[in-house]
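*Asks:* Line order of the protein sequences matches chains A and B. Under the numbering used here, read the first sequence as residues 1 to 345, first letter to last. Under the numbering used here, read the second sequence as residues 1001 to 1308, first letter to last.
Since the hints were derived computationally from the structure, they do not count as laboratory data. Treat the hints with care, since some could be wrong.
What the hints assert, rightly or not - Simulated restraints on C-beta separations:
1) B/GLY1120 <-> A/GLU317: 50 to 58 Å
2) B/LEU1132 <-> A/ALA137: 38 to 46 Å
3) B/THR1123 <-> A/ARG78: 17 to 25 Å
4) B/LEU1132 <-> A/ALA142: 32 to 40 Å
5) A/ALA137 <-> B/THR1003: 41 to 49 Å
6) A/ALA137 <-> B/GLU1200: 48 to 56 Å
7) B/MET1203 <-> A/HIS168: 15 to 23 Å
8) A/ARG78 <-> B/LEU1305: 53 to 61 Å
9) A/ALA137 <-> B/LEU1133: 31 to 39 Å
10) A/HIS228 <-> B/ASP1295: 42 to 50 Å
Stated by the list, open to error - Calculated from the model, a selection of chain B residues having no Cβ within reach of chain A, i.e. all distances over 10 Å:
11) THR1003
12) ALA1044
13) PRO1216
Predicted model only: the values in this text are computed from it and were never measured. We put the CB at the ideal spot given by N, CA and C, even for glycine.
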Amino acid sequence: MLDVATQPSPVTLDRDAPILEIRRLRTEVPTSHDPIVLLDDVSLQVHAGRMLAVVGESGSGKSMTFLSALGIAPPPCRVAAGSVLFEGKDLTRFSPEELRRLRGAGISMVFQDPLTALNPVFTIGQQMVEVIRAHRAIGRRAAWAHATDMLARVQIPDPPGRMHAYPHQLSGGMRQRVLIAMAIALDPRVLIADEPTTALDVTVQAQILELLDGLRRETGMGLVLITHDLGLVARYADQVAVMYGGRVVEAAAAGPLFATPRHPYTRALFRSIPRLDAALEEDLPTIPGHPPNIAELPPGCAFAPRCWLRGARADCETERPPLVAVGEAGHRSACLHWPDMAHAA
Amino acid sequence: MQTLVQLIVMVFGICTLVFFLIRLIPGDPATAMLGDYATPQAIAALRADLGLDQPLLVQYGRFLGHAVTGDLGASVVTGQPALDQILDSLPASAALALSGLAIAVLLGVPLGIVTARRAGSWTDTLVMIGGLLGISFPVFWLGLVSVLLLAHEIHLFPALGAASSDDLLDQLQHLALPALVLGVSTAAYIARLTRSAMLEALMQEHIRVARAMGVPERRVVYHLALRNAMIPILAIIGVTFALSLGSAILVEAVFSRPGLGSTILKGILARDYQLVQAGVLVLALAVVVVNSLIDVAYLAVDPRLRRA
Chain A
1 MLDVATQPSP VTLDRDAPIL EIRRLRTEVP TSHDPIVLLD DVSLQVHAGR MLAVVGESGS
61 GKSMTFLSAL GIAPPPCRVA AGSVLFEGKD LTRFSPEELR RLRGAGISMV FQDPLTALNP
121 VFTIGQQMVE VIRAHRAIGR RAAWAHATDM LARVQIPDPP GRMHAYPHQL SGGMRQRVLI
181 AMAIALDPRV LIADEPTTAL DVTVQAQILE LLDGLRRETG MGLVLITHDL GLVARYADQV
241 AVMYGGRVVE AAAAGPLFAT PRHPYTRALF RSIPRLDAAL EEDLPTIPGH PPNIAELPPG
301 CAFAPRCWLR GARADCETER PPLVAVGEAG HRSACLHWPD MAHAA
Chain B
1001 MQTLVQLIVM VFGICTLVFF LIRLIPGDPA TAMLGDYATP QAIAALRADL GLDQPLLVQY
1061 GRFLGHAVTG DLGASVVTGQ PALDQILDSL PASAALALSG LAIAVLLGVP LGIVTARRAG
1121 SWTDTLVMIG GLLGISFPVF WLGLVSVLLL AHEIHLFPAL GAASSDDLLD QLQHLALPAL
1181 VLGVSTAAYI ARLTRSAMLE ALMQEHIRVA RAMGVPERRV VYHLALRNAM IPILAIIGVT
1241 FALSLGSAIL VEAVFSRPGL GSTILKGILA RDYQLVQAGV LVLALAVVVV NSLIDVAYLA
1301 VDPRLRRA
């Protein structure tokens, strides 16, 4: 078995140029009146060999950002503005066929629920061969051999046997490994893992994350972890982007973000993590109110109605805060009053 | 083994139902055979001869006792074994039902897939309205219209009857129009069900994943999604076979084709209990056999049904 954790250190990387860069992406659902804006002004960078964690509540636009970037946002959603740069090319100008060839090969994805993500009426081998042959002009036999190697690479026992298994014969963790094997079969430069462990039990979660992290180090691909599990973020991520209401509200390297969050929403998220050392009688702090309805965002800051910092500041409700540099290099926040956070409780 | 037990229980149930249902029809064979001017004595004599004077349960017991040996009695009209008469008229009906079903599948499944891919488009709306019409118009009406249009007006096909020779081409020509009518009317069911099965399959998460992994759309639809949709499609084909057997009887009547339908119809009119029992039993068995075959086909399509 391959122990990725003890592999010699990674390929040398150009640590500055991102391999995938999303710039000011805007995704809308057209209606007969004003379009509903699902994503607005979303900018993210994925670097080779590093992990970007995208954090936020359900409906904050985490997954939608990457589905839009890859041209697979469910209709009638459509990208209205912005660009997506991958290896110097703008994906928003790609034809559907060019995007198809990129998906699964240059940029690949792993999804949330391994129980429904595999086709129940085909064997593991048939499904992997289908994906490999969608991108490479090789024969069935060669594709089958490659798929078997990939199963070994994600540490599935008895790969030749598992190739003939149907999804229902495998456990959830094994199925997620199969999906990861499928996603890395074509050596992607970027792997997007959309809540890859949410549907799995805790012990398996750690194994899957270790596997993904090992593959990242081994291949030098950029890894995007879409999650709402801040524990995973703290442990694995290099960069973090926090999303709220279809926008990025804070972005930074993981260390500074956890040490000094510069957006009230981020700090509220951190406080709502259960702690082992908290007194039993203390209630777990929660964020008051509900995640915003994306169709009826307030004109100002989307978090303003729930904000603990807000007090009586009128500008939060009228002015949409831009994402600006705050403090340390690369740390950005979309809060008009972030300096006040240091003094507030 | 389990399937076999199911089969036996079903056949027994069908025998029982047929036996009692036909006796619920007013009138009896003796009266029907002897005509309006028969004397009560003559009728009573014939009834005794046919065993109709016995209590119903005794008749039923006799019927079952003979049936297990494959003896379904003799037709009261012709005196020949009822089963032989039915089996003689089976091939013509089977040819009609199977070719009708084949046309229905070859027409309905592709139409269902195309409309599912373009759900909400004009093509979809038009085909679905056409399908609704196909379901709404009774098959005998479609038969009459097609005779008028395709046989009487443009002489494309012979209008009535079956081939008088063994010539294959001649037989096919006579089969074409009835099979087409039967096929088109049942294709509507298959198209509608295929459409909804495909829509359902295309909404599955694993289809989203396949697209996200760059599998070409044509493979996604015709290979990955279709295999999933085949499960409900097979189910409707099984149901449709029973339906098209029933419709075949009507179609035979419209086109004056010999077959099971006309034989059974004659039997009903003459209150020829034995003939009707044999006919319905054979029809029911055909449906049971086809549905058992479909069950086997399920196993081929859906690995989850196979034992580990």
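*Asks:* Would B/THR1003 pass as off the interface with chain A, using Cβ distances and a cut of 10 Å?
*Replies:* Its Cβ never comes within 10 Å of chain A, the nearest being 22 Å, so this holds.
*Asks:* Is the distance from the Cβ of B/GLY1120 to the Cβ of A/GLU317 consistent with 50 to 58 Å?
*Replies:* Because 40 Å falls outside the window, the suggested range is violated.
*Asks:* For A/ALA137 and B/LEU1133, compare the CB-CB distance with the range 31 to 39 Å and indicate the outcome.
*Replies:* violated (46 Å)
*Asks:* When you look at the beta carbon of B/ALA1044, is every beta carbon of chain A farther off than 10 Å?
*Replies:* holds (65 Å)
*Asks:* Using the beta carbons of A/HIS228 and B/ASP1295, state whether their distance is inside 42 to 50 Å or not.
*Replies:* Distance hint for A/HIS228, B/ASP1295 holds at roughly 45 Å.
*Asks:* Confirm or reject the claim that B/THR1123 and A/ARG78 have a C-beta distance inside 17 to 25 Å.
*Replies:* Given range 17 to 25 Å: holds, Cβ gap about 23 Å.
*Asks:* Beyond 10 Å from every chain A Cβ: check whether that's true for B/PRO1216.
*Replies:* violated (6 Å)
*Asks:* Taking the beta carbons of A/ARG78 and B/LEU1305, is their distance inside 53 to 61 Å?
*Replies:* violated (41 Å)
*Asks:* Evaluate the given range 41 to 49 Å for the C-beta pair formed by A/ALA137 and B/THR1003.
*Replies:* At roughly 45 Å between Cβ atoms, B/THR1003 and A/ALA137 fall inside 41 to 49 Å, so the hint holds.
*Asks:* If you check the beta carbons of B/LEU1132 and A/ALA137, does the distance land in 38 to 46 Å?
*Replies:* holds (45 Å)
*Asks:* Is 32 to 40 Å respected by the C-beta to C-beta distance linking B/LEU1132 and A/ALA142?
*Replies:* violated (49 Å)
*Asks:* So does A/ALA137 sit 48 to 56 Å from B/GLU1200, Cβ to Cβ?
*Replies:* violated (33 Å)
Consistency with the previously given hints fails for numbers 1, 4, 6, 8, 9 and 13, ordered from lowest to highest.
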